[in-house]
Amino acid sequence: MKIRIVSIFFLLAILSLPVNAQQLDNQDVDVSSGSTLSNASLVVRQLNGGPFNINNAGTIESTNGSTIRIDVDTAITNSGLIDADLTTGGQAIQFFENSGSNSVDNSGTIRAESTFTFAPAIKVQSSTVTSIVNSGTGTIQSSGATTVSEGIRVDGVGSLVNLITNAGSITATGSGGARGITVLGASNSINQINNSGTITATGGNGVTNGIVFFGGGGTSVINSGTIQAAATSAAANGIRLKIDLTTLTNSGTITGSTHGVSIAGTLTNLANTGTISGTSGFGISNQGTIVNFTNSQTNLTYNDNIPSNYFISINSTANYGKVTFTSPEGTMNFAIADDSSIEGGTYTAVLTGLEARHLSKSSGVQRVGSNDFGYKLHNSTGSQWDLEIRPLSEDTNCTVNSDGTNCDKRNCVASLVEKGLNAVAGGNFAHMNTYDCDTFGSSGRCFSLGGRHTSISDPRSDVTGLVMVYGKKVSDHIRWGSFVHSNVSYNTPANFLLSNKTPLIGFYAVWNENADHTGLQLKIGNSYQAINATILREQLGLSESARGETVITAKDLIVELRNNIKVSESVTFTPYGASRFSDKYQSGYTETDAQLPLTFNEVFESSWVAIGGIKFKKKTYAGSSVYGTIGIEQDISHNVSTLSPSGVSGITTVDLTKNHNATRAVLAVGYDLKLTHNAILRLKFQYQELPYQDMTEENTYVSYNLLF
Numbered sequence: 001m002k003i004r005i006v007s008i009f010f011l012l013a014i015l016s017l018p019v020n021a022q023q024l025d026n027q028d029v030d031v032s033s034g035s036t037l038s039n040a041s042l043v044v045r046q047l048n049g050g051p052f053n054i055n056n057a058g059t060i061e062s063t064n065g066s067t068i069r070i071d072v073d074t075a076i077t078n079s080g081l082i083d084a085d086l087t088t089g090g091q092a093i094q095f096f097e098n099s100g101s102n103s104v105d106n107s108g109t110i111r112a113e114s115t116f117t118f119a120p121a122i123k124v125q126s127s128t129v130t131s132i133v134n135s136g137t138g139t140i141q142s143s144g145a146t147t148v149s150e151g152i153r154v155d156g157v158g159s160l161v162n163l164i165t166n167a168g169s170i171t172a173t174g175s176g177g178a179r180g181i182t183v184l185g186a187s188n189s190i191n192q193i194n195n196s197g198t199i200t201a202t203g204g205n206g207v208t209n210g211i212v213f214f215g216g217g218g219t220s221v222i223n224s225g226t227i228q229a230a231a232t233s234a235a236a237n238g239i240r241l242k243i244d245l246t247t248l249t250n251s252g253t254i255t256g257s258t259h260g261v262s263i264a265g266t267l268t269n270l271a272n273t274g275t276i277s278g279t280s281g282f283g284i285s286n287q288g289t290i291v292n293f294t295n296s297q298t299n300l301t302y303n304d305n306i307p308s309n310y311f312i313s314i315n316s317t318a319n320y321g322k323v324t325f326t327s328p329e330g331t332m333n334f335a336i337a338d339d340s341s342i343e344g345g346t347y348t349a350v351l352t353g354l355e356a357r358h359l360s361k362s363s364g365v366q367r368v369g370s371n372d373f374g375y376k377l378h379n380s381t382g383s384q385w386d387l388e389i390r391p392l393s394e395d396t397n398c399t400v401n402s403d404g405t406n407c408d409k410r411n412c413v414a415s416l417v418e419k420g421l422n423a424v425a426g427g428n429f430a431h432m433n434t435y436d437c438d439t440f441g442s443s444g445r446c447f448s449l450g451g452r453h454t455s456i457s458d459p460r461s462d463v464t465g466l467v468m469v470y471g472k473k474v475s476d477h478i479r480w481g482s483f484v485h486s487n488v489s490y491n492t493p494a495n496f497l498l499s500n501k502t503p504l505i506g507f508y509a510v511w512n513e514n515a516d517h518t519g520l521q522l523k524i525g526n527s528y529q530a531i532n533a534t535i536l537r538e539q540l541g542l543s544e545s546a547r548g549e550t551v552i553t554a555k556d557l558i559v560e561l562r563n564n565i566k567v568s569e570s571v572t573f574t575p576y577g578a579s580r581f582s583d584k585y586q587s588g589y590t591e592t593d594a595q596l597p598l599t600f601n602e603v604f605e606s607s608w609v610a611i612g613g614i615k616f617k618k619k620t621y622a623g624s625s626v627y628g629t630i631g632i633e634q635d636i637s638h639n640v641s642t643l644s645p646s647g648v649s650g651i652t653t654v655d656l657t658k659n660h661n662a663t664r665a666v667l668a669v670g671y672d673l674k675l676t677h678n679a680i681l682r683l684k685f686q687y688q689e690l691p692y693q694d695m696t697e698e699n700t701y702v703s704y705n706l707l708f
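According to this note's numbering, the residues represented by the sequence shown are 1 to 708, in order.
To be clear, the hints were calculated from the coordinates, so they are not data collected in a lab. All figures in this text were calculated on a predicted structure; none of them were measured in a lab. Mixed in with the good hints, there may be bad ones.
Each pair of labels, with its calculated beta carbon distance range [unchecked claim]:
hint : residue 1 : residue 2 : range
1    : S545      : L681      : 38 to 48 angstroms
2    : T317      : N639      : 45 to 55 angstroms
3    : V484      : E602      : 49 to 59 angstroms
4    : T317      : S455      : 49 to 59 angstroms
5    : N333      : N639      : 26 to 36 angstroms
6    : L681      : V474      : 19 to 29 angstroms
7    : V368      : G330      : 24 to 34 angstroms
DSS-like mimics (lysine-lysine), calculated; alpha carbons at most 30 angstroms apart, straight line [as the list claims (entries may be wrong)]:
hint : residue 1 : residue 2
8    : K361      : K473
9    : K566      : K618
10   : K501      : K566
Backbone N, C-alpha and C fix where the C-beta goes; we use that ideal spot for every residue, glycine too.
Modelling step: build the complete structure from the supplied sequences, incorporating the hints.
This is how it looks when you write it as structure tokens:
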């Protein structure tokens, strides 16, 4: 009887313990704090049905195998311990061939302890997991495996983990290799890993990685915590990429006893504001491709293929990115990161180990707030490159106005604007000395076909055009005419290109006091011309080159009074005076082909010019003659807009009157050869001083006049 009572009490005592040696299938599981759910293996199996919830605040453990297997939609919340003690293959949590909406939220410990070859704490096999969240108090741990210990492993076919967030600790320790987070297989991926905690892999004689993508791919790894890997007798990398990843952003620490980051695939964007380092190797070892790399680390080491685009991040004049390259391959563009804090000065040793052939682009411009800067790399010594940064306006002002302080004289924009205004002075030549059919046939008509070549000095440009003139004699005292001049070729400086928009066209009317053209003569004429101009702003120092497209137009009205005095039967002297009213206009434009283009305002120029001089004509033989002109042009009034560029901070305006020449000489000679009674060949040459830059113009004009 006593034995029976003792047996009953012993059985009741056993049943009252919070340890449940059993296997739970296809149901919600709730383990409270202080309770333990234990089995040799597969303590919880969610094989069909669902969705299910597993809430553990106590202990769920297996003594010789996997602990939890999930085949259907399940959410796991753990604030206690989920433990797998493994002597054969297995894991603490396994998602197997499961396409449901699965998740893990851990603030406790998920642990796999093994003496077997493999032992992941969490394994996602041919499954989909929405998120794995390991909070600040959470630990995901794998230890003891002889081949590879892994904190989180993603493998199988078509596995996808959308997000892993770690603010706690993910650790893997093994006598072979160790991996904090692993992706295996071409069809498997982790979209995003966000680490603000610690991911640690400590291996022995096997390759070890804090995070490794062996196959598949991913969108981003964002690290503000620590990712570290070490092995006693094998390679160990903080992060290893053998596939493609869109973004790796590091503001924390990534270290490896070999390399900090090892790349064999394509990394599109790498941004480092923290520390990436390797003990026996390099901070970054790149046998693959890095497209865009932004760096502020001051002592980064880098091996092999250089990035396509490198952006230095500058925090201050004493704190900025520096990279030492070893065995560099490829070429890269150099630029400054947009979020940099820039001051003018020289930043030493921003790049070391590169030759000029490695740099496709080594200069540029940068806007910081309301300030614009220019920058350029200089090879200061050996393979060291220093970065020079200065306010962009210093050199840009010289490209706009080379008459400025500390500027070398060059074809600046202001000089090209003045050259353009000079280029539409063709109406002066046309009306004063050339385009006039004044000899007529029996019907009182004249037609002239000719060619004109114009050369402008300093800088030299040459323009060739065709000219047609028609004249009509109304009476012995009145005649009129019109002309069209179209340029067919422009040989201008390389940074100043011209083309026709509207040919030079004009009309004139003449009154003569006498039928033989002696005595007083009054002439009224007008003209209009429009040309397309391309202004190429030169690159100077740290400034940019740029291209501008504009249109220049000119309208002229001329009134001339002359007195043709017949000195003898063969000689005529003609004192003359004229007044010319001129309006010129250049359209405003914004440059292209520049990162920070300038915008130039419209330019208006108006002038009232008095012209005076003397002409002569000497008949030679058989109706032929020579003639010439000596004259002076004097501006009575002249107004021109200020050139006011914008688009770069500190850019200054330009006074276009500074190089204006108000008094200008005109010299011309010509020869008329009478071929037949109704045909004349005319040759004329004119030298003229132009309104801007002490430039001069030489015109040669040849025409064939048909009288009918």
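Fill in: CB-CB spacing for S455 and T317 relative to the 49 to 59 angstroms hint
At roughly 52 angstroms between Cβ atoms, S455 and T317 fall inside 49 to 59 angstroms, so the hint holds.
Worksheet item: Are L681 and V474 spaced within 19 to 29 angstroms by their CB atoms?
Response: holds, 26 angstroms
Discussion item. Please verify whether K566 and K618 have alpha carbons no more than 30 angstroms apart.
Written reply: holds, 10 angstroms
Item to complete: Look at the Cβ atoms of N333 and N639 and judge whether their distance stays inside 26 to 36 angstroms.
Response: Violated - the Cβ-Cβ distance for N333 and N639, about 47 angstroms, lies outside 26 to 36 angstroms.
Practice prompt. Confirm or reject the claim that V368 and G330 have a C-beta distance inside 24 to 34 angstroms.
Written response: holds, 29 angstroms
Worksheet item: Does the Cβ-Cβ separation between V484 and E602 fall within 49 to 59 angstroms?
Response: Taking Cβ atoms as reference, V484 and E602 lie about 27 angstroms apart, which means the hint is violated.
Discussion item. Given the hinted pair K501 and K566, is their Cα-Cα distance within 30 angstroms?
Written reply: violated, 43 angstroms
Discussion item. Check the hint pairing K361 with K473 against an upper bound of 30 angstroms on the C-alpha distance.
Written reply: violated, 67 angstroms
Worksheet item: Given a hinted range of 45 to 55 angstroms, is it respected by the beta-carbon distance of T317 and N639?
Response: holds, 47 angstroms
Practice prompt. Take a look at whether the Cβ-Cβ distance between S545 and L681 falls inside 38 to 48 angstroms.
Written response: Once the Cβ atoms are compared, 47 angstroms apart, the range 38 to 48 angstroms for L681 and S545 holds.
Violated hints, listed in ascending order, are 3, 5, 8 and 10; each of the other numbered hints is respected by the structure.
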